[in-house]
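Let's have the full structure, built from the sequences with the hints guiding it.
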Amino acid sequence: MIQGARQWLLGVVLTAFAGGLARQLAPKGRERALVGLVCGLLLTLALLEPLAELEWAAAARDWPGPAQAALAESYRQEGQAALSAVIAEKTEAYILDKADRLGLRCAVEVAVSAGESGIPLPDAVTIRGGYSAALAACIEEEVGVPPEKQIWLEEETWTRESEQSP
Amino acid sequence: MRLAALCAVCMLPVALLRRTAPEQALLLTTAILAAALARCLCLAAPVLEEVRALFGRAGIETAYISVLLRTTAAALVTRLCADLCRDGGSQSLATAAETAGSLAVLLIALPLLRAVTDLLLGYFT
Amino acid sequence: MKQWLTACLFVAALLFLCGQALAAQLPPELERLAPEAAALADGGEGLLPGVRRLWREGWEQAGEYLLAGVRSTAAIMAGVVLLGVAESAAPAGKDTLGQYVSITGALWITAVSAGNLNALIGLGQQTIVDLSQLSKALLPVLAAAEAASGGVTAASARQVAAVFFSDILLTAIERVLLPAVYLYIGTAAAGAVLEGELMERVGSLLKKLIGWALGGLLTLFTAFLTISGAVAGTADAQAVKVAKAAVSAAVPVVGGILSEAAESMLAGAGLLRGLLGAFGALAVLSFCLVPFLRLGGQYLLYQCASLAAAAAGPKKLTGLLTALGDAFGLVLAMTAASALLLLISLVSSLTAVVP
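Chains as they are written, first to last, in my numbering: chain A, 8 to 173; chain B, 257 to 381; chain C, 17 to 371.
Source of the hints: derived by calculation from the structure; they are not laboratory data. No false leads were mixed into what you were given.
Okay, derived cross-link-like pairs now, EDC-like style, lysine to aspartate or glutamate, Cα gap no bigger than 20 Å in a straight line: (1) A:K97 / A:D130; (2) A:K105 / A:E161; (3) A:K35 / B:D343; (4) A:K156 / A:E99; (5) C:K257 / A:E80; (6) C:K224 / C:E213; (7) A:K35 / B:D339; (8) C:K152 / C:E52; (9) C:K260 / A:D130; (10) A:K105 / C:E276; (11) A:K105 / A:D130; (12) A:K35 / C:E213; (13) A:K97 / C:E279; (14) A:K97 / A:D107; (15) A:K35 / B:E354; (16) A:K35 / C:E211.
Model, not experiment: these values are computed from the prediction.
Right under this line is the structure:
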């Protein structure tokens with residue numbers, strides 16, 4: 008289509024130029040009028056013939072609908088990942104703060120997963136430190152993570168495991 | 257420039273001959289005209305080739321360009337013939353030459369006219 | 017004229033919308049693409065001081081070129097006036113001398129302005145390519161920031177539309193419209209030499225086609241953004257409603273954490289959008305200012321020359337001068353259209369009401 012448009016423009020301009028030149032060369036009077044008539048016919052052909060031959064269907068570009076849907080999905084996933092990271096970080100900070108108030112020393116790792124609504128929520132908590140029933144109850148009540156999803160890695164177990172592994 | 261100078265220079269013998277032997281003046285004029293036209297055609301040949309090539313690249317049918325060139329040539333030849341007839345003192349012959357030239361131009365342009373009509377009718381149907 | 021006003025309105029909207037963004041950081045590829053604009057945007061001074069600085073520097077740079085343009089226009093005018101004197105000195109009723117005057121004048125004008133024409137059309141083309149590269153780098157980042165603010169569907173629709181229309185505009189300019197400008201100049205020169213008005217009419221047709229192509233594309237793009245923004249906004253608002261319901265259904269602590277997390281992300285995305293908007297406006301200005309000044313200055317100079325030639329010189333040569341000025345105007349319009357496409361995308365993204 009683009010190439011067709013270029014050819015059309017070039018054809019019209021060149022035909023007009025040739026016609027103008029022919030009229031200029033023709034002697035004044037009836038002869039010039041006749042040459043002008045031929046120029047007019049030629050210009051009509053140069054204007055209309057390529058338009059009839061243009062492939063209009065080929066000019067239509069497909070709207071990139073699938074690309075748009077894929078892009079929206081990738082934005083959602085990126086947003087979800089970023090939000091999950093922030094929620095995990097803030098939940099970990101909250102739990103550490105609670106542990107600190109209870110006089111406990113531990114490391115916390117929160118796993119986040121999307122719920123039914125698609126919003127990331129704290130799903131599981133891994134605590135590296137001595138088990139504390141108070142902290143476990145706090146995590147269950149305030150963070151909403153049930154005991155079966157709380158993984159307590161007590162320090163001795165963690166140390167024994169690290170000694171045994173090569 | 258040389259052709260123009262030739263025509264200007266040949267005016268003198270033509271003017272002199274017109275007083276004593278007008279028919280010879282006419283013959284001389286015809287001879288100079290023929291020589292000038294032949295020279296013009298030689299000069300124009302490479303230009304015409306370039307024009308044809310240019311229009312070929314632009315995607316315009318060379319047949320149509322030939323029509324335009326032949327029309328222009330016919331117009332020039334008609335005018336020259338008519339002027340020659342007038343120089344010879346015959347207005348009626350000049351008019352006849354002009355009429356013949358006009359018909360010739362229309363005949364040359366006939367394929368073009370047919371092509372335009374077909375195109376326009378094609379749009380309507 | 018309308019496009020100039022619209023461009024000014026958009027720039028004014030950008031100036032108001034792009035506040036200082038202290039905490040956000042520009043991606044490195046954007047800094048590489050427009051280092052001056054990045055330095056000004058990151059500097060924390062705000063948009064207006066950056067604009068003022070670029071404007072000052074642009075004027076200094078363009079001033080030298082404009083002076084050279086004045087010199088070449090003066091040379092053209094001298095030739096045209098001399099030919100006008102020659103034409104008026106010719107005996108009345110002799111068309112041949114008038115023809116030769118037109119041919120000589122056309123040759124003189126095209127010879128003197130050929131260098132300028134090539135240089136400025138090349139400059140316009142390079143600016144359009146630079147703007148296209150800027151939009152390919154900037155718009156995805158801006159769309160990602162808008163998506164992070166909650167406008168996922170709107171951002172993806174806008175990004176895809178910007179890429180689609182930008183691609184069409186660039187292809188049309190490179191392969192049809194710029195060659196059409198050269199054809200326009202050719203028809204103007206031929207019109208000055210040949211009798212009759214045929215070549216002038218063809219030139220006028222070319223000019224109209226270029227104007228319609230640019231205007232039509234921009235109008236379609238703006239209309240699409242407006243409609244798709246409204247449609248996509250509904251989908252995004254629905255998604256946010258669901259999210260809010262989830263937040264309120266969650267336990268209070270988690271609900272509080274969710275709100276905080278969303279707010280901090282929104283704030284960060286908002287800051288980044290502001291910074292990107294400021295950067296985008298400054299980058300477009302830094303790319304376009306000198307070409308606009310040069311092309312616009314040359315357009316005005318040729319229009320003034322044509323005005324003076326109308327009084328002193330042959331009519332055909334006046335038409336040729338006007339047409340050459342219009343050729344500069346057409347290249348300016350193409351550059352402005354590319355800049356407008358980017359600015360419309362920027363402003364549309366910045367002014368999008370995030371649910």
